[in-house]
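Use the sequences and the hints to build the structure in full.
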Amino acid sequence: MSVGTSSAPGAQDAGSPPAASRPPGDPAGLGIDPDHLPDGLVVADEQGHVICFNAAAERITAVRARDALGQRLEKALPLEDLEGRRWWQLTDPYGGLAIRVGQPERNLLLPGGREVLVSARYVRTRPTGPLRRLVVTLRDTEARRRTERSHAELIATVAHELRSPLTSVKGFTATLLAKWERFTDDQKRLMLETVDADADRVTRLIAELLDISRIDSGRLEVRRQPVDIGAAVGRHIQAYVAAGQGADRFLLRVQQPLPDLWADPDKIDQVLSNLLENAVRHGEGTVTIDVTATASPREGEDTGTSVTVSDEGPGIPEESMNRVFTRFWRGSKRGGTGLGLYIVKGIVEAHGGTITVGRAPGAGAEFRFTLPVSAPAYLA
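Reminder that position 130 of the sequence shown reads as 130 in my numbering, one-by-one numbering, no gaps.
Hints are computed from structural coordinates only; laboratory data are not their basis. Bear in mind the structure is a predicted one, so any value in this text is a computation, not a measurement. Please note that the accuracy of each hint is not assured.
[To be verified] SDA-like mimics (lysine to any residue), calculated; alpha carbons at most 20 angstroms apart, straight line:
1) K170 / F183
2) K188 / D198
3) K179 / S168
4) K170 / D198
5) K188 / A199
6) K170 / V195
7) K179 / E193
8) K188 / A207
9) K75 / R64
10) K179 / M191
11) K75 / A98
12) K75 / T91
13) K75 / V63
14) K75 / G112
15) K170 / R145
16) K188 / F172
17) K170 / A152
18) K179 / R163
19) K188 / D200
20) K170 / R189
21) K75 / I99
22) K170 / T141
23) K188 / H160
24) K75 / Q103
25) K75 / D92
26) K188 / G171
27) K170 / V135
28) K179 / T194
29) K170 / H151
30) K170 / D196
31) K75 / V116
32) K188 / L205
33) K75 / L108
34) K75 / V135
35) K75 / T128
36) K170 / L154
37) K75 / R86
38) K75 / P93
39) K179 / H160
40) K170 / L190
Structure representation (structure tokens):
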């Protein structure tokens, strides 16, 4: 959008402020009105008078457009840096070096201490020529603050989760090194088994952090191979039974025939492990796993595979269901990092699938994920 032509219509001298309360909607013929932009837009003319102040700028600054239009920029938008210096005097866009093209985004303060992200673009009639328009964009800092809070929570969670196993590892290894001869073989074995289990816990946490990093950056790789999803669920059930759970705690129902599923077997195991652990730890009664053929969640494919894990426990409160797949959600029972279901959702979506949570027929929690078959092109 050529903001250089966004001044109010009407015959006016370059130095006089415009009379209109809003700039024309589309000076460049792009079908874009400044009020439709998501970020705040403020434009000043060659004399430094505000000629555009869009709706987002009103919302971010709490300044009404009719009060800002026609004012000098430094009066309509009295910004200061974090050291209290007046920003327009400091940068001097109209009287400074003519080779400058703008100002990079930075945190600045409005009166009252309201923080905004501000960047500026200098529009000149020719390179090194006089300033024709000063275009300022404004963004609220709330989204950045939410991200920073999320990162701080992640660091705090990781520090807390690492402290316990590492303290245990350090304590047992130091004790063994200092007093090896005083312990029986059974005592040594018990301490070493504890160290081994705590080392596995640290390894799992680090793996979770790597997964989160890849999910957040969109770099989670999926290495597709043929996967027998029914057999994969069966292996997890056998592991729980071997660990002491009753075989009658689980009910596996596999609909036949199933479409051939191409997915990353390690990551599908990770999804199944998290969902089954969630059902066993937080649910009650029978844990039912249904594996069925279903419509593909991916456009252009007819079939997909759906896995539903449900229990007979108290379920998840209705008001919490929209937070289940967010970071650090742990439900009513504490324990764990609260990252597992966030990672599960990232893995399923990396496969092009979908995952939902709801209430099971037996009143417990029900998790259902659906994957496209994703057969390679040469098999189509």
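Problem set entry | Violated constraints from the hint list, given by number and in increasing order | Checked against the structure, the hints that fail are numbers 8, 11, 15, 17, 18, 21, 22, 23, 27, 29, 32, 35, 36, 39, while the rest are satisfied.
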